[in-house]
Amino acid sequence: DTEVTQTPKHLVMGMTNKKSLKCEQHMGHRAMYWYKQKAKKPPELMFVYSYEKLSINESVPSRFSPECPNSSLLNLHLHALQPEDSALYLCASSPQDGVFGYTFGSGTRLTVV
Amino acid sequence: EDKVVQSPLSLVVHEGDTVTLNCSYEVTNFRSLLWYKQEKKAPTFLFMLTSSGIEKKSGRLSSILDKKELFSILNITATQTGDSAIYLCANRGGNNAGNMLTFGGGTRLMVKP
Numbered sequence: 568d569t570e571v572t573q574t575p576k577h578l579v580m581g582m583t584n585k586k587s588l589k590c591e592q593h594m595g596h597r598a599m600y601w602y603k604q605k606a607k608k609p610p611e612l613m614f615v616y617s618y619e620k621l622s623i624n625e626s627v628p629s630r631f632s633p634e635c636p637n638s639s640l641l642n643l644h645l646h647a648l649q650p651e652d653s654a655l656y657l658c659a660s661s662p663q664d665g666v667f668g669y670t671f672g673s674g675t676r677l678t679v680v
Numbered sequence: 000e001d002k003v004v005q006s007p008l009s010l011v012v013h014e015g016d017t018v019t020l021n022c023s024y025e026v027t028n029f030r031s032l033l034w035y036k037q038e039k040k041a042p043t044f045l046f047m048l049t050s051s052g053i054e055k056k057s058g059r060l061s062s063i064l065d066k067k068e069l070f071s072i073l074n075i076t077a078t079q080t081g082d083s084a085i086y087l088c089a090n091r092g093g094n095n096a097g098n099m100l101t102f103g104g105g106t107r108l109m110v111k112p
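Which chain is which? The protein sequence lines are U and V, in order. Mapped onto the numbering used here, the consecutive letters of the first sequence carry residue numbers 568 to 680. Mapped onto the numbering used here, the consecutive letters of the second sequence carry residue numbers 0 to 112.
This is chain V alone, in the form it adopts within the complex (with noise of 0.2 Å):
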């Protein structure tokens, strides 16, 4: 069974400070990991990472993968309120028959003022 964990369950920081998020996989059928950013509804997409070691960026968002250590971060840099959401990664499986996402818990990130 396809496993997705992330960690720490919850973070609280201040505004101007920068976190690391963590998720670790273990899938029988790797295709891509996936980061989503959910507030109050529908997760919104952030990145697809596919191949090791090279580094998506968004603006203060940027994401890794390690396909041999089975684990990819999100780094979040000179945080705002506006970043307090839920965090979520997902491993992108299945086959040409149809993409399931297994999401892992989700890191809840509070951002104080």
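Just chain U, with the same shape it has in the complex (with noise of 0.2 Å):
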């Protein structure tokens, strides 16, 4: 398996709303990352996990809550967002010393209503 698997890959949800995007990997890596990705942007880094623990918080708002329950799997709890943050979201992973570069998913398309 040579995939990073996000769901769902489409989002709509309200400024009230509490939900959570899903991010999947069974290449054994152990770093992860979610990415922010603004329509004719490039990605922007949010946050990065090495070894289940948050090691790099990009100043993101605490409108965004990571979690990493296991080595394999990346969440990201929304709460309360803003109609900006309607965007692409895009998890990844790479092994710990990134040798063979990352893997990205195919993104969660998600929209702020």
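Keep in mind that the hints were calculated from the coordinates and are not lab data. Beta carbons are placed, not taken as given, at the ideal position from N, Cα and C, and that holds for glycine. Keep in mind that the hints are not guaranteed to be accurate.
[To be verified] Selected chain V positions facing chain U (in silico; Cβ < 10 Å):
(1) Gln5
(2) Lys39
(3) Lys40
(4) Pro42
(5) Ile85
(6) Leu87
(7) Ala89
(8) Asn98
(9) Gly105
(10) Arg107
From these two lone chains plus the hints, build me the complex, please.
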């Protein structure tokens, strides 16, 4: 299995909703990442997990809450989002030393209404 | 702050043409430079470059890194319509606590029949 799987593929949520994005990989990668990509912009790093511990938080608002239950799973919990949070959310994973580069999931296209 | 700049921003060519995409970087902790192709969703890994002057090649695509002048180029020969995409270059920085990708703004390539 050489894929990173993200669910759901599309999500529409209201500003008062609570939802979660899920990411799963079975490549034995010990580093996992969340990126946010707005239209016509490059991906921007949000969070990095290393050995299931949060190692980097790029000053992301608290309405985004990451969770890494185990080495194969990464969640992003969403609460009280704003319309400007609408974007493509990409999950990625890599070996801890990243020698072979990252593998990205197909992303979740989030729309906040 | 790490900075990755790509040029041109966009490019329109005809099938069979050869294109060269540029990526320059200013980073505090260089580990490697990566190239990705992004069509609709997930960026697809193309190359990872760590050493200067060594060309990496995959079919009609090739890439090289110059660590002295801090840039990389991606060449595509005999372009095809399927090469139409956004090409992203990224610096892999960070430390053992996590790998951070800082993306350039991308080059949008359109190949016309």
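*asked:* Min Cβ distance, Pro42(V) to chain U: is it shorter than 10 Å?
replied: 5 Å, holds
*asked:* Given a cut of 10 Å on the nearest C-beta pair, is the interface hint for Ile85(V) held or broken against chain U?
replied: Hint on Ile85(V): holds, closest Cβ of chain U at ~8 Å, below 10 Å.
*Agreement of hint Lys40(V) with chain U interface, Cβ distance less than 10 Å*: 4 Å, holds
*Would the stated hint for Gly105(V) survive a check requiring a Cβ distance to chain U of less than 10 Å?*
Cβ of Gly105(V) sits 5 Å from chain U, so the hint holds.
*Can we keep the Gln5(V) interface hint, with Cβ of chain U closer than 10 Å?*
Holds, because the Cβ-Cβ distance from Gln5(V) to chain U comes to roughly 9 Å (cut-off 10 Å).
*Close enough to count: is the Cβ of Lys39(V) nearer than 10 Å to one in chain U?*
With a minimum Cβ separation of about 9 Å from chain U (threshold 10 Å), the hint on Lys39(V) holds.
*Should the interface hint for Arg107(V) be scored as holding, given a Cβ-Cβ cut-off of 10 Å against chain U?*
8 Å, holds
_Leu87(V) as an interface hint toward chain U, with CB separation required under 10 Å_ = 6 Å, holds
*chain U contact restraint for Asn98(V) - C-beta distance below 10 Å*: Hint on Asn98(V): holds, closest Cβ of chain U at ~4 Å, below 10 Å.
_Holds or violated: the hint that Ala89(V) contacts chain U, with Cβ atoms closer than 10 Å._
8 Å, holds
The earlier numbered hints are all upheld by this structure, with none contradicted.
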